[in-house]
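If you're matching positions, the sequence shown starts at 48 in this note's numbering and goes up one per residue.
Be careful, since some hints might not be right.
Computed list of lysine-lysine pairs in DSS-like fashion (alpha-carbon distance at most 30 Å, straight line) [to be verified]:
{"no.": "1", "residue 1": "198", "residue 2": "221"}
{"no.": "2", "residue 1": "221", "residue 2": "276"}
{"no.": "3", "residue 1": "418", "residue 2": "276"}
{"no.": "4", "residue 1": "221", "residue 2": "200"}
{"no.": "5", "residue 1": "408", "residue 2": "194"}
{"no.": "6", "residue 1": "194", "residue 2": "221"}
These are computed hints drawn from the structure, not numbers from a lab.
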Amino acid sequence: MSSKWRHTSVKIVLVLFVVCIMLFAFSFVNHTTYTGQSFADAYNLPVGQSIFAGDSILDDQGMVEVPLLSNPLFIFHEITTLDLKGLLFTLTTGYVPFDFSTISSDNIDSYGNAYGFEGPGYLDIEGDKLTVKAPDNYIWGYSSPYKLLTKTKNGVDIVENGTVVRSVPTNEIKNLDFHNDFYNSSTIVEWYNSEAEVGSNFTLEKGIVDFSDGRNDINFDDVERIFGKNVSDYVDAYPSGSPIVLYMGNTTPVEGEVYYTYLDSHPEYGDTVREYNARQFVEAWNNTVIPPNCTGNGHDYVSFGSAADASAPGGSAAHGVCPPARALRSAVLGEGFSLPVGMDDSENAVLFGYNPASDIKVTNTHSYPVKIIMWTEGEGTSMCIFSKIVRYVPADEVNTNNMTTNSTTTKDIGNSST
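With these hints in hand, go ahead and build the complete structure from the sequences.
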């Protein structure tokens, strides 16, 4: 046997000896076995939280590193992925990065990053595996007060997520720096002095609850972070409890028929206030989006003028809202929906006692969202008022059913109501 071969043989024997010792040592080690649930519990993963492709399922936590002796197979992941940095770390510290492929199924890579989908997915557990669920074609939820003011005998309490975080005496309410596009400190002072009773609430911020796909409720700040400024602005504008479409995937807008009427003249109620009320009704309902199989309403922060009417409860009514209400009613019925709550089938359309914006309820019985579009042309008693429904249909259904994406019909519904 040559000297060179003897040296090579000695090296092979030494390597085999080291491997045998390591295998013998590993046989006495308690190997840690994780499931998706046990790992989520151990590391407090945000199960149910919205997540985008490229985000780590660990949220703000750093990389999870576990002892190599307890998880020897994880080093093979580093070898097969040519993770030289990870191998160097493991050999110098004795710790190995956790291999998430052992406890995950869909849309999570071996390093715990989400991938393979578009839009806001969310972290979930299926069986014993972690998964990131891609978003449904539509995601919606309901707005809910997150931060509000509650009137007390001595001022207001600032309440956040059900907890009083600060009490403000009456003389300091004017200094509160809460505002958005629809209210400011002056609005709050007016509410406190003129409208509120002890125990009354003024909503400052709204979160989203009861998501259609079961993901976690979110607070006000996360509405914009996850779903964008346009959605956040929409939430601000509509009353608490309104259904909010938060995300739509691959859809095609399909326009329904256009219905129109004229304001006409009823000087006994004041045509100027009637025009104002008609425009306010259009403002309240234009661009309202209603999720599938949900009931929606117009937005907050619109006001209506009153006109004397001996036949109305209290001796006055918001005349002028009936012409646009009839246009809306026709568009809604034209979709096959039921008569909106707060309306009847007469020329006057809006029932006494219902706020024309927030109290009227339209139910969308389609399996996809719809948007109400309203607008006016002209002014004065000859002002024309239009309404139509836009359907947000899955793109494949439009192609399959040969739906047209343009309105083809405009219908005059008359103009005799007050």
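Right, here's what the structure says about each hint:
1. Our distance criterion of 30 Å between C-alpha atoms is met by residue 198 and residue 221, whose separation comes to about 14 Å.
2. For the hint pairing residue 221 with residue 276, the CA-to-CA distance comes to about 28 Å; that is within 30 Å, so the pair holds.
3. Proposed proximity of residue 418 and residue 276 is supported: the alpha carbons are some 18 Å apart, at most 30 Å.
4. For the given pair, residue 221 sits about 16 Å from residue 200 by alpha-carbon distance, which is consistent with the 30 Å threshold.
5. Annotation: proposed proximity of residue 408 to residue 194 holds, straight-line Cα distance about 26 Å (limit 30 Å).
6. For the proposed pair residue 194 and residue 221, the alpha carbon gap of about 18 Å is at most 30 Å, so the pair holds.
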